[in-house]
Amino acid sequence: METETKYFTRDYIAFFEALERNNNREWFIKNKSIYKHDVNEPFNRFVEDMLKAVKFEDPSIDIEVSDAVFRIQKDMRFNRHGEPYKLFKSALISSKGRKRRDEPGFYLEMGSRYIKIALGCFKLGPAQIKQIECHLYKVYVLTERPRFKSTFGALIRTHNSLTFQTLIPVHIIDNVGLDQLFLTYWRMSKPVIDTFKTILNK
Amino acid sequence: MNAFKKIKNSANQFAINWARFVIKNKWYVFVSAVALTTVLGLQGVMKFDGDYHVFFSKSNPELEAFDALQEKYTKDDNVILVLSPKNKNVFTKENLTAIEELTTEAWNTPYSSRVDAITNFQYTRAEYDDLYVDDLSYDSANKTDSEIGAIRDVALNEPMLVSRIINPEGSVTAINITVNLPGEDSALEVPEVMNSIRKMTSEFQKNHPQFQIHISGMVPLTTAFFEASMKDMALTGIMLLIVILTTFILTRNFQSTLATLLVVLFSIVSTLGFVGIMGIKLTPPSSVFPTMILTLAVADSIHILITMLQKIRKDGMDRYGALIESMRLNFMPVFITSLTTVIGFLTMNFGDVPPFWDLGNIVAFGMTMAFLYSTTALPAVMAILPFKKVEKRDASGTSWFNFDSYLGLSSLVIRQPITVAVISLAIIGGLTYLSTKNSFNDEFINYFDKTVQFRSDTDYISDNLTGVYNVEYSIGSGESGGINNPEYLNKLNDFENWLYEQPEVIHVNAFSEVARRINKSMHSDDDAFYKIPDSREEAAQYLLLYELSLPFGLDLNNQINVDKSETRVTVTVKNLDSPSMIAFARRGEDWLRNNTPEYMHAIGVSPMLMFSKLGFRQADSMFTGNIIALVLISLVLMLALRNFKLGLLSLVPNVAPVLVGFGVWALYKAQINTGMVIVFGMTLGIIVDDTVHFMSKFLRARREYGHSPQRAVEYAFQTVGKALVTTTIVLLSGFAVLSTSSFALNSYMARITVVIIIAALIIDFLLLPALLILTSPIKKARKRYTSVLFYR
Numbered sequence: 000m001e002t003e004t005k006y007f008t009r010d011y012i013a014f015f016e017a018l019e020r021n022n023n024r025e026w027f028i029k030n031k032s033i034y035k036h037d038v039n040e041p042f043n044r045f046v047e048d049m050l051k052a053v054k055f056e057d058p059s060i061d062i063e064v065s066d067a068v069f070r071i072q073k074d075m076r077f078n079r080h081g082e083p084y085k086l087f088k089s090a091l092i093s094s095k096g097r098k099r100r101d102e103p104g105f106y107l108e109m110g111s112r113y114i115k116i117a118l119g120c121f122k123l124g125p126a127q128i129k130q131i132e133c134h135l136y137k138v139y140v141l142t143e144r145p146r147f148k149s150t151f152g153a154l155i156r157t158h159n160s161l162t163f164q165t166l167i168p169v170h171i172i173d174n175v176g177l178d179q180l181f182l183t184y185w186r187m188s189k190p191v192i193d194t195f196k197t198i199l200n201k
Numbered sequence: 000m001n002a003f004k005k006i007k008n009s010a011n012q013f014a015i016n017w018a019r020f021v022i023k024n025k026w027y028v029f030v031s032a033v034a035l036t037t038v039l040g041l042q043g044v045m046k047f048d049g050d051y052h053v054f055f056s057k058s059n060p061e062l063e064a065f066d067a068l069q070e071k072y073t074k075d076d077n078v079i080l081v082l083s084p085k086n087k088n089v090f091t092k093e094n095l096t097a098i099e100e101l102t103t104e105a106w107n108t109p110y111s112s113r114v115d116a117i118t119n120f121q122y123t124r125a126e127y128d129d130l131y132v133d134d135l136s137y138d139s140a141n142k143t144d145s146e147i148g149a150i151r152d153v154a155l156n157e158p159m160l161v162s163r164i165i166n167p168e169g170s171v172t173a174i175n176i177t178v179n180l181p182g183e184d185s186a187l188e189v190p191e192v193m194n195s196i197r198k199m200t201s202e203f204q205k206n207h208p209q210f211q212i213h214i215s216g217m218v219p220l221t222t223a224f225f226e227a228s229m230k231d232m233a234l235t236g237i238m239l240l241i242v243i244l245t246t247f248i249l250t251r252n253f254q255s256t257l258a259t260l261l262v263v264l265f266s267i268v269s270t271l272g273f274v275g276i277m278g279i280k281l282t283p284p285s286s287v288f289p290t291m292i293l294t295l296a297v298a299d300s301i302h303i304l305i306t307m308l309q310k311i312r313k314d315g316m317d318r319y320g321a322l323i324e325s326m327r328l329n330f331m332p333v334f335i336t337s338l339t340t341v342i343g344f345l346t347m348n349f350g351d352v353p354p355f356w357d358l359g360n361i362v363a364f365g366m367t368m369a370f371l372y373s374t375t376a377l378p379a380v381m382a383i384l385p386f387k388k389v390e391k392r393d394a395s396g397t398s399w400f401n402f403d404s405y406l407g408l409s410s411l412v413i414r415q416p417i418t419v420a421v422i423s424l425a426i427i428g429g430l431t432y433l434s435t436k437n438s439f440n441d442e443f444i445n446y447f448d449k450t451v452q453f454r455s456d457t458d459y460i461s462d463n464l465t466g467v468y469n470v471e472y473s474i475g476s477g478e479s480g481g482i483n484n485p486e487y488l489n490k491l492n493d494f495e496n497w498l499y500e501q502p503e504v505i506h507v508n509a510f511s512e513v514a515r516r517i518n519k520s521m522h523s524d525d526d527a528f529y530k531i532p533d534s535r536e537e538a539a540q541y542l543l544l545y546e547l548s549l550p551f552g553l554d555l556n557n558q559i560n561v562d563k564s565e566t567r568v569t570v571t572v573k574n575l576d577s578p579s580m581i582a583f584a585r586r587g588e589d590w591l592r593n594n595t596p597e598y599m600h601a602i603g604v605s606p607m608l609m610f611s612k613l614g615f616r617q618a619d620s621m622f623t624g625n626i627i628a629l630v631l632i633s634l635v636l637m638l639a640l641r642n643f644k645l646g647l648l649s650l651v652p653n654v655a656p657v658l659v660g661f662g663v664w665a666l667y668k669a670q671i672n673t674g675m676v677i678v679f680g681m682t683l684g685i686i687v688d689d690t691v692h693f694m695s696k697f698l699r700a701r702r703e704y705g706h707s708p709q710r711a712v713e714y715a716f717q718t719v720g721k722a723l724v725t726t727t728i729v730l731l732s733g734f735a736v737l738s739t740s741s742f743a744l745n746s747y748m749a750r751i752t753v754v755i756i757i758a759a760l761i762i763d764f765l766l767l768p769a770l771l772i773l774t775s776p777i778k779k780a781r782k783r784y785t786s787v788l789f790y791r
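Protein chains in written order, with numbering that gives the first Met the number 0: chain A, 0 to 201; chain B, 0 to 791.
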């Protein structure tokens, strides 16, 4: 990937700041062209390039952009009176894409306040969690290394997920070489993701 | 009956009928005046706007350029807290801990977007292959002495800190809080910020009494403007007392004093209503309107009252007869004075400074109401109030208000008109020449005198830490992302070095310094790499890594624009006067033009530059307004005097006082500010009063009584000398109070107005009569009624 590629401008951040103040359908429809130009297209392009680079290093991850990128609309079936739009764009890079969140993967989320990078298992059943818990020491071997630990911190457990995450400042978003930076994070995450995969496939 | 006589008679009759109507319906007239005042007064709303932006019209090019720069980067409204520890050493555990604490607290300031201090300065260092970007001093309480020594060494050798956040001796430091005000209502937002700052610093000083704190910045500047407006409005109270006293001393009559007070109050309250109806937000220049209206309204009333009292005391007339006669004699002169004053103030709309438009319009309305009330409510009140019958008095003795006092003065002029004229013109000529030695200076910090906290704090900061004035350039690279281009960065570096060579420069904040520092850090802090990166890719990568390490609020958005095609260079300079500031900015622009590609050319902008150019801009735009005022007022005088030659001659006593005023100012200060540019239009209407009265009496004596020019001059002195002196004293007292304002735009304007008013009286008593004698034909004038201003 060319390090001179620049994907985003600060208009990306500005859009989400405005969306936060106007999180309703009417506003979104009125500003859809801005969303497409400043947010959706650059994000998709970025994810596409990430996928190409990731596929080169891990051929098992062979998904399309549409399989990786989440919709900006929230699922209103369980949130009828809430705000209809998320305040970020996000993508899950794994071999099975966003629809199979039980598959360990690399998650990134870009909003107006921060960029979140997470890795691990995002939607597990009880049995899967128990399975991983039994073999967590294999993960710790990798995650306790100083470089990983200082970047991603400690394991975050919820009732259906086991993840590591870090937040980085969103003001870097308009720099060139963003793809290389995220690829670096992905490379750091890959051994841990592979270990999760191995445990779950046993 | 000829046409002139008809006009004289109709004007005469109108004034008499008016006076009779008012006297006959005195209660109705008085109640109507009260009702009108009440109705208008209920609309009165006083809102203030202290934002320095109000001084610039929307089309002001410097403001447009400055706003464009702030749009590109971030707004740099700020509060700077300068901390001076008593032990003169910032780098102790205790002091650094306190600074850390205050820095953390400063993030809670409303609307704050960034806090820069010595403790949270993002210091880059390399350890083998790792790049660390951390706060320069965190957890200072647990640092050892050697660690603190190391921090001191870094800070005092860091170009981005020295003379900006820390002084070279390490004894004074600053915390700069950048605020991003929404801009919806500065009257609410600014006090919110300042109250928070004041509370925070006062608590800090309680906990850390070893520190002295001085506060400055654009937000405190706005607050100072706001507080100056409030203080100047309070001068109205003092002025009111002086006016009451002056009126009582001059008239020696309680009823007159009460009537004058009522006219003044009615005028001011009605004007407040106008301010509310028009939605005008008051600013330091426009907030002096009560004092101005008060002064001018009293001058109107005094003429009517003094004539009335003279008729009662000297001619033995009864109250109503004296009132009618006074109205007959003074209605037109008062009308013309009011008209010319209104014209003079309305010409302020030609200027380029919106607060002075407001001042002109408000005072013009106030003068109109003052004329209305002094010809309705004033006579009504004088007709209502009981009056003790006074015996006719002989005009004898050597009282100051006696005819004889003015005979001495008139005899000097009559005996030696040529000498008086030549000497006067020579003095005026000399002072006019001196007036060209004045230069504009609008250092906005100096708008406030040293008694104002903001001024004294800012002076301390500029003496001990850093300059408070700056110039900014937005320098483009010609392409999106071009700021990583080494060619661009090297040129920027050259510009930075050139700026540091200039004697006016204290500090330069440029992106080239960031690039050099990161490059050095990325090469294990090797000094050989304290230079611009060699390739674009390197520069881009380093920038990304550096930005990745910067915490929230301390990113480079205030230096780099949205698409990374331009960077902002901020040059902090010493205190410079306006011409020097403009010249310095231009030198920077010239350097860029001569040494960089076209896409790097930029113009210097800053609030100080905006103020520096404001005076020149105001003078240029007011030139047209002043000419129009002069033409209109001269036309009014020609019509009033019914004499083209005398109308032209009146230009001399009308214009000369202003030239004398500026000539004297050149000896006193030699520097003028934006507020003084308006004095010509403003004082023209005021000083024309003297000319009108004197010339009209002169003409009456020539045409009605067939007097010689010499006797006519004598007659003019006898009849209007006292009134002219009286109104001058009243005007002087008003503007003298205003000259004590702590806000230089107002105090300088008032001081020069005092000089101009005194000069006007002297010129009207010396030069004008001399010119009238010299330019009048020797043969006896025929009896002709040709002026609307004389009624006998």
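The set of hints was computed from the structure by calculation and includes no laboratory data.
Heads up, some of the hints might be wrong.
Cut-off 20 Å, straight-line C-alpha distance, at most; resulting in silico cross-link-like pairs (SDA-like, lysine to any residue) [to be verified]: (1) Lys35/A / Val561/B; (2) Lys115/A / Lys205/B; (3) Lys71/B / Lys73/A; (4) Lys115/A / Asn86/B; (5) Lys115/A / Leu544/B; (6) Lys205/B / Asn360/B; (7) Lys189/A / Ala126/A; (8) Lys73/A / Lys137/A; (9) Lys115/A / Pro550/B; (10) Lys115/A / Leu543/B.
Footprint (simulated), chain B over chain A, 3 or more residues, beta carbon under 8 Å [claimed, not checked]: (11) 123 to 136; (12) 168 to 178.
We put the beta carbon where it would ideally sit given N, CA and C, even for glycine.
Status of each hint after checking the structure:
{"no.": "1", "hint": "Lys35/A / Val561/B", "result": "19 Å, holds"}
{"no.": "2", "hint": "Lys115/A / Lys205/B", "result": "42 Å, violated"}
{"no.": "3", "hint": "Lys71/B / Lys73/A", "result": "33 Å, violated"}
{"no.": "4", "hint": "Lys115/A / Asn86/B", "result": "46 Å, violated"}
{"no.": "5", "hint": "Lys115/A / Leu544/B", "result": "17 Å, holds"}
{"no.": "6", "hint": "Lys205/B / Asn360/B", "result": "48 Å, violated"}
{"no.": "7", "hint": "Lys189/A / Ala126/A", "result": "24 Å, violated"}
{"no.": "8", "hint": "Lys73/A / Lys137/A", "result": "35 Å, violated"}
{"no.": "9", "hint": "Lys115/A / Pro550/B", "result": "15 Å, holds"}
{"no.": "10", "hint": "Lys115/A / Leu543/B", "result": "17 Å, holds"}
{"no.": "11", "hint": "123 to 136", "result": "violated (count 0)"}
{"no.": "12", "hint": "168 to 178", "result": "holds (count 8)"}
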